[in-house]
Amino acid sequence: MSATATNPRDYNLAGPENQSAVDAGLVSADWYHSDIPRKVMKELMKRSDAPATRDTLLWVALIIISAIGAIAFWGTLQVIPFLIFYGVLYSSASDSRWHECGHGTAFRTTWKNDLVYHVASFMIMRNPISWRWSHARHHTDTIIVGRDPEIALMRPTAIAKTALLFIGVPGVFEDLQVIIRHGAGRMSNAEKDYIPESEQKKAAFWARVHIVIYATTVLMATIMQSFLPVVLIGGPRIYGVWHAVMTGLLQHGGLAEDVLDHRLNSRTVYLNPVSRWIYWNMNYHVEHHMFPMVPYFSLPRLHALIKDDLPAPSHSIFAAYRELLGSIWRQRLERDYYIRKDLPPTAKPYREDLHTLDITRSNMRISTP
Amino acid sequence: MSWLDVCDAEDIDLEDVIRFDHGDRTFAVYRSADGAVFATDGLCTHEQVHLCGGLVIDDTIECPKHNGRFNYQTGAALRAPVYDALATYPARLNNGRIEIEVH
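Protein sequences appear in the order of chains Z and H. Just so you know, we're using our numbering here: the first sequence kicks off at 40 and counts up by one. Just so you know, we're using our numbering here: the second sequence kicks off at 41 and counts up by one.
No wet-lab data here; the hints were simulated from the structure. Just so you know, even glycine gets a beta-carbon here, dropped at the ideal spot from N, CA and C. Keep in mind that the hints are not guaranteed to be accurate.
Said to hold, decoys possible - Taking CB as the label site, the calculated pair distances span:
id	chain 1	residue 1	chain 2	residue 2	range
1	Z	Pro339	H	Ala76	18 to 28 Å
2	H	Asp48	Z	Glu373	48 to 58 Å
3	Z	Leu203	H	Thr114	43 to 53 Å
4	Z	Trp316	H	Arg137	45 to 55 Å
Claimed, not checked - Just some of the chain H residues that point at chain Z, by a computed CB distance under 10 Å:
id	residue
5	Glu55
6	Asp56
7	Val89
8	Cys92
9	Val96
10	Glu102
11	Asn107
12	Gly108
13	Leu118
Let the hints inform the model, and build the full structure from the sequences given.
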């Protein structure tokens, strides 16, 4: 790329990049979509309660079993494997359940989506209201700087802080601060940009529900003179979130910003079956962003249908991290560098129209690679 | 007020939707599971996404972007992130053709 940048980008939704993105035509824009016949797309979007009910029953059963094991072996070294399983099931699997049920696609039945959404939101320490709106914005303006509140890796990436995400710090403390702030009825200026005023009272209500549960947990720990309640409720956000972070950073990390083609800013990775179950197939992330109403259980079929129009997927977590780490390392000095993958000859070209406009946004110039 | 010819009834599957553009306006035209026809504005009231890409389930249309839902027979907003109702228009079958009345 010929572009150069001298300063870190400003990702603040309440900052000047927001209006700059609007002016550049990047907001609520038309995105590239692979061609899929309507009848096929309807089949792919079709809802069913069966897969998610099966997966949820299994998820709850495994949580209960591992929790019983953790309680039974508490105070001994044998507790460790139970907590490893419990932590991932509690804090990483809840991330994908939150995500899919938030989209309203996991179950056909609305109340099942809503119930699992609220439970999973609590487990991953997210306000179910504010994060619903945050994620809607993420899908409207995916990795558009100044608009998307869910950009995990900002340029230049704070590498040490990012590494700490795997052990839940300082994320857990930041999450608790947000819950308390929401409970007090206060929204940040960035949140006010994407959460309608009518929803802010609901966000405060659910934050207070979460606070009551956490306060009860701490009270129980105090009465029992044991950390066990905190280790089981809330604690997994520290020791069990690593799988969600590992998969989550791969979704968009190291890829393009300010484009209108998900093939440039999202990554599909082939995963082992266990990780796919924990992650509910969100490794098919280009496909998910292109067609967010396709339920998780149909994403492998969608991938098979459009893979000839997409860049080749990363073939493992290791391969994906190798390219991701190379990219963020290079972005330390070349902040407008991104991984640009070749498309197969069968694919339609990337949408280049915005790049050829040579948009100047604040202190960063984007130009044709 | 005038009735506009849209398409053959058979051009829309049962429990499905198509896009219909007229002048500078865009509409969504539906056939329910029992073959009745309906029409609404074509764009979601949340973020101006064409509803024709969404899924019709029973009497509901889902926005294909954020899963905001409307009752396409009444226009009522049913699920966040949509709160504003969708405008609806009279629709009828006339000799096997679907027509909608717009104002």
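Going down the list of hints, with the structure as the test:
1. Pro339/Z to Ala76/H: 18 to 28 Å: Violated - the Cβ-Cβ distance for proline 339/Z and alanine 76/H, about 36 Å, lies outside 18 to 28 Å.
2. Asp48/H to Glu373/Z: 48 to 58 Å: holds, 57 Å
3. Leu203/Z to Thr114/H: 43 to 53 Å: At 51 Å between Cβs, range holds.
4. Trp316/Z to Arg137/H: 45 to 55 Å: holds, 49 Å
5. Glu55: Hint holds; glutamate 55/H Cβ to chain Z Cβ min 9 Å, cut 10 Å.
6. Asp56: holds, 7 Å
7. Val89: holds, 8 Å
8. Cys92: Check passed: Cβ of cysteine 92/H comes within 9 Å of chain Z, closer than 10 Å.
9. Val96: holds, 8 Å
10. Glu102: This interface hint holds because 6 Å falls under the 10 Å limit.
11. Asn107: The hint holds - asparagine 107/H has a Cβ within 10 Å of chain Z, the shortest such distance being about 4 Å.
12. Gly108: holds, 9 Å
13. Leu118: Holds: closest Cβ of chain Z sits about 9 Å from leucine 118/H, inside 10 Å.
Hint check: a violation occurs at hint 1 only; the rest are consistent with the structure.
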